[in-house]
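Number of protein chains: 2
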Amino acid sequence: MGSASKNTFLPLDPVSFADESKTVVDFIADYYENIEKYPVQSTVEPGYLSARLPDSAPYCPEPLEDILKDVSDCIIPGLTHWQSPNFFAYFQANASTAGFLGEMLCSGFNVVGFNWISSPAATELESIVMDWMGKLLMLPSSFLFAGTGGGVLHGSTCEAAVCVLAATRDKALEELGGWEHMTKLVVYASDQTHFTFQKAAKLVGIPPSNFRLIETSFSTGFSMSPEIVRSAIEDDIKSGFVPLLLCATIGTTPTGAVDPIRELGKVAMEFKVWLHIDAAYAGSACICPEFRHYLDGVELANSISMNPHKWFLTNMDCCCLWIKEPNLLTDSLSSDPEILRNKASRSKEVVDYKDWQIALSRRFRALKLWIVIRRHGLANLMYHIRNDIAMAKCFEAFVRKDERFEMVVPRKFALVCFRLKPKAEEEDEGRELNRKLVEAINSSGRAFMSHAVAGGIYVIRCAIGTTLTQQHHVDDLWKLVQEKAQTLLINN
Amino acid sequence: MGSASKNTFLPLDPVSFADESKTVVDFIADYYENIEKYPVQSTVEPGYLSARLPDSAPYCPEPLEDILKDVSDCIIPGLTHWQSPNFFAYFQANASTAGFLGEMLCSGFNVVGFNWISSPAATELESIVMDWMGKLLMLPSSFLFAGTGGGVLHGSTCEAAVCVLAATRDKALEELGGWEHMTKLVVYASDQTHFTFQKAAKLVGIPPSNFRLIETSFSTGFSMSPEIVRSAIEDDIKSGFVPLLLCATIGTTPTGAVDPIRELGKVAMEFKVWLHIDAAYAGSACICPEFRHYLDGVELANSISMNPHKWFLTNMDCCCLWIKEPNLLTDSLSSDPEILRNKASRSKEVVDYKDWQIALSRRFRALKLWIVIRRHGLANLMYHIRNDIAMAKCFEAFVRKDERFEMVVPRKFALVCFRLKPKAEEEDEGRELNRKLVEAINSSGRAFMSHAVAGGIYVIRCAIGTTLTQQHHVDDLWKLVQEKAQTLLINN
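In order, the protein sequences belong to chains E and V.
So for the first sequence, my numbering puts the first residue at 1; every next one is plus one.
So for the second sequence, my numbering puts the first residue at 1; every next one is plus one.
Be aware that a few hints might be false.
Below are the DSS-like pairs computed for lysine-lysine, each with C-alpha atoms no more than 30 Å apart in a straight line [claimed, not checked]: (1) LYS423/V to LYS343/E; (2) LYS436/E to LYS348/V; (3) LYS479/V to LYS343/E; (4) LYS343/V to LYS171/E; (5) LYS401/V to LYS436/E; (6) LYS22/E to LYS272/V; (7) LYS401/V to LYS421/V; (8) LYS184/V to LYS266/V; (9) LYS343/E to LYS436/V; (10) LYS238/V to LYS184/E; (11) LYS343/V to LYS421/E; (12) LYS37/V to LYS423/V; (13) LYS479/V to LYS22/E; (14) LYS22/V to LYS69/E; (15) LYS37/V to LYS343/E; (16) LYS238/E to LYS184/V; (17) LYS184/E to LYS184/V; (18) LYS436/V to LYS423/E; (19) LYS479/V to LYS436/V; (20) LYS37/E to LYS22/V; (21) LYS266/V to LYS37/E; (22) LYS393/V to LYS479/V.
No wet-lab data here; the hints were simulated from the structure.
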């Protein structure tokens, strides 16, 4: 049994809890202090870590200092530093002190709020904060608990999509008269929609061949055409299919494109197709009055999701989902096992969030979003968004001023999609040139960007918006881009 | 734009990060210090919180002290205290200092390890720690990366079940020749299996009428009979169905029952049915050699999951899933969008965990489990399990010594299922009496237990194993049970 004994084994002793936690707080503060010293993208080779760590667990307890030394020596070199101010890849994942404090309280209380009674505060704060957030986005009251809808916090967009798809699937199957009609159900999205929707649709049993990828084009800024959607729906109906759900996006991943919600909503309503809006990235911007128009027509949608864990200063993970008819979610996802039966649930006066999501267990994520909103206030949250967009505008101006470069699509939000102009003789339209440029930038360790292909064109994506990014980082990034481009163009 | 400005808005400033985080560390330490002063089950009424909080977000930032005051005054009264040593309901959700430190580092780094390149350490540590954990459970190497399998951390059992079901579904549909065969697929579990499997099966599109609930009985301790399973499978095959997956449980939720893995495995193999083992609760106990026998026959299974966030000192959320053929998971769940394409993934030398789970985004949970294992060592982890089981044995002895009570089923692990013996004249076999007893105990605020119904019998579940529970809490619990029973029996 080793050396453990009742007296020495106190894994949650408040005094050592406070001591050790403060040591780790200082460790993390030090990490932020020094974060610019690390190469943004990790430079390790596959398998690097197994060479540094034992291949089985220790028998005896190890001191915290040994573990933290290994975190410094073995883990940090293998991190791609998402919190680095020089991280411009994918979409940012905003950490903040407020988000961290919320995570600490969530983890400290460690309650499992599957139903109301299992921790009423976890459920009620979530309902309140979902209404707060919905009001910040000026969602119609049909999406709020204060109205006739409601919201829930998921871990990811895919989870939200799975639940929405299951809800609408089950409603459709009931109307069609049984599960054998599953192969008739069709889901619509654009070729710019996040791939997570295809994955979610397949997960809930929609045959992949029933997923329609509506083609977009450069001419419409890669936004979805309501006419093409209408025609696809009409074709499917003619062929005996049942159009189920249309996913529109505010701020697509490749280029930040915005689908025309109102027009798509009209088509969806006409054919009784569920309209889901994925505002994972750009939803955050819609708290600013000047960007709210991107959500015009949201009242025609059935559900909408956005991710505070991207651009809203909320540490991972946190995805908001609002739905107009929560009963469709709970009809599809609810369960009533004896062990969870209780008076409050029976009364129907309370929300049992287990019936709004995939899992039974759930973390108290609402604390985090609540603290993020209160600690910053709408004023600073808007400042955060506006400041990032101002920096993106500045980067866009750098690109436009240098005639070797071009913007591939107009900037949307804080995402700049640009490239080195291909030379006339380049058969691949500059694909290889720009691929090399991204590689040169990233392998410098001084910044990290990613790429996309839109309309066949290879674009470099500069997503501005980590919590620590300031103007001088953007200035330095542009100098780095120019420097690497210069070298490439000389050697090309 | 409010009062925000570039100079004052620093949402991740290392100095204030450290200061504010330490304030919250002290707040949580104080919570643990005083946790026994709160009623274990919250006594608030539905809607209590909306009466105490504003109905929309503040415009201006608020000081941390105001927020923490609201946590004390508004949130804590609405918590059911899962970390209280007097919490004996459901299954425990172990917090520990080590688990908390791991959560802090995870949230502090806030990396999104969807594929290898997006943070190599997050992927590699997860693979290493899954092998560590697998070895602690003495899983055959066919489940380990060191062998031919592999493991992944999910957030919940339901998520793991969805992924396993989708993998086996897609393999079966491919063999059957198309998605129109979905209505043929059948899933098997017992009437004691966690309801999450029914939910997961429905989520992936298995018609609910194709979910077979194998009946269990008191005589076999509510474990699943291989003969009944065989006969159900044979019946389904005769009727043209395709048996897909059988879920066996180590430590069921109602009574801690253990399904006979080896015998079920033989049946599953014979009919080429996927065997999944759900060891969410009792898997942790199998790190002790004396309990490892419950996993005998695991080599016949295709996948197994267990939850360190229950009984393994790991704060929420953390669910381990091992699978013998990871390629079946990735065949079903993988995606290859341009934006994520990279050399490492193309080389096939690395794991991209986005293809092992539902979501794209993922937290660095491996840090948490790694620190939990190292900080305690196998020695103390076994001590933790054994100590809880010793306390459960003690509670069982209390029950057996008092002739007003009876054990409904033999104790398994640290779960004691007991009841007040019904009087001969009680038509409901003591259901109302025991329901009242649970209510009296819970409403005292001094302890919190839950109930189950097994074989038609209403049982009181005493799940021992919160991190802070010590022998004197179990002694006090029994005194409370006796006191409330005495009052009930006198008034009855």
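Here is how each hint holds up against the structure:
1. For a cut-off of 30 Å, the pair hint linking LYS423/V to LYS343/E stands: about 26 Å separates their Cα positions.
2. Distance check on the hinted pair: LYS436/E and LYS348/V sit about 22 Å apart at the alpha-carbon level, within 30 Å; holds.
3. Restraint check for LYS479/V and LYS343/E: satisfied, since their Cα atoms lie roughly 26 Å apart, inside the 30 Å limit.
4. Our distance criterion of 30 Å between C-alpha atoms is broken by LYS343/V and LYS171/E, whose separation comes to about 43 Å.
5. For the proposed pair LYS401/V and LYS436/E, the alpha carbon gap of about 77 Å is over 30 Å, so the pair is violated.
6. Straight-line distance between C-alpha atoms of LYS22/E and LYS272/V comes to about 53 Å, which puts the hinted pair past the 30 Å bound.
7. Under the criterion of a C-alpha separation no larger than 30 Å, the hint pairing LYS401/V with LYS421/V is consistent with the structure, at around 13 Å.
8. For the suggested pair LYS184/V and LYS266/V, the alpha carbons sit about 23 Å apart, so the restraint of at most 30 Å is met.
9. Straight-line distance between C-alpha atoms of LYS343/E and LYS436/V comes to about 13 Å, which keeps the hinted pair within the 30 Å bound.
10. Distance check on the hinted pair: LYS238/V and LYS184/E sit about 27 Å apart at the alpha-carbon level, within 30 Å; holds.
11. Pair hint LYS343/V plus LYS421/E holds up; C-alpha atoms about 24 Å apart against a cutoff of 30 Å.
12. Simply put, LYS37/V and LYS423/V have alpha-carbon atoms about 36 Å apart, too far for the 30 Å limit, and the pair is violated.
13. Simply put, LYS479/V and LYS22/E have alpha-carbon atoms about 39 Å apart, too far for the 30 Å limit, and the pair is violated.
14. The hinted pair formed by LYS22/V and LYS69/E meets the criterion: a straight-line CA distance of about 21 Å does not exceed 30 Å.
15. Between LYS37/V and LYS343/E the CA atoms are separated by roughly 25 Å; this keeps the pair inside 30 Å, and the hint holds.
16. A hinted pair counts as satisfied when its Cα atoms are at most 30 Å apart, and LYS238/E with LYS184/V qualifies at roughly 27 Å.
17. Of the pairs offered as hints, the one joining LYS184/E and LYS184/V holds, with about 17 Å between alpha carbons and a cut-off of 30 Å not exceeded.
18. This hinted pair does not check out: LYS436/V and LYS423/E have alpha carbons roughly 82 Å apart, beyond 30 Å.
19. Pair hint LYS479/V plus LYS436/V holds up; C-alpha atoms about 17 Å apart against a cutoff of 30 Å.
20. Simply put, LYS37/E and LYS22/V have alpha-carbon atoms about 25 Å apart, close enough for the 30 Å limit, and the pair holds.
21. As the CA atoms of LYS266/V and LYS37/E are separated by approximately 57 Å, the hinted pair breaks the 30 Å bound.
22. With a CA separation close to 16 Å, the supplied pair LYS393/V and LYS479/V stays within the 30 Å bound.
Hint check: violations occur at hints 4, 5, 6, 12, 13, 18 and 21; the rest are consistent with the structure.
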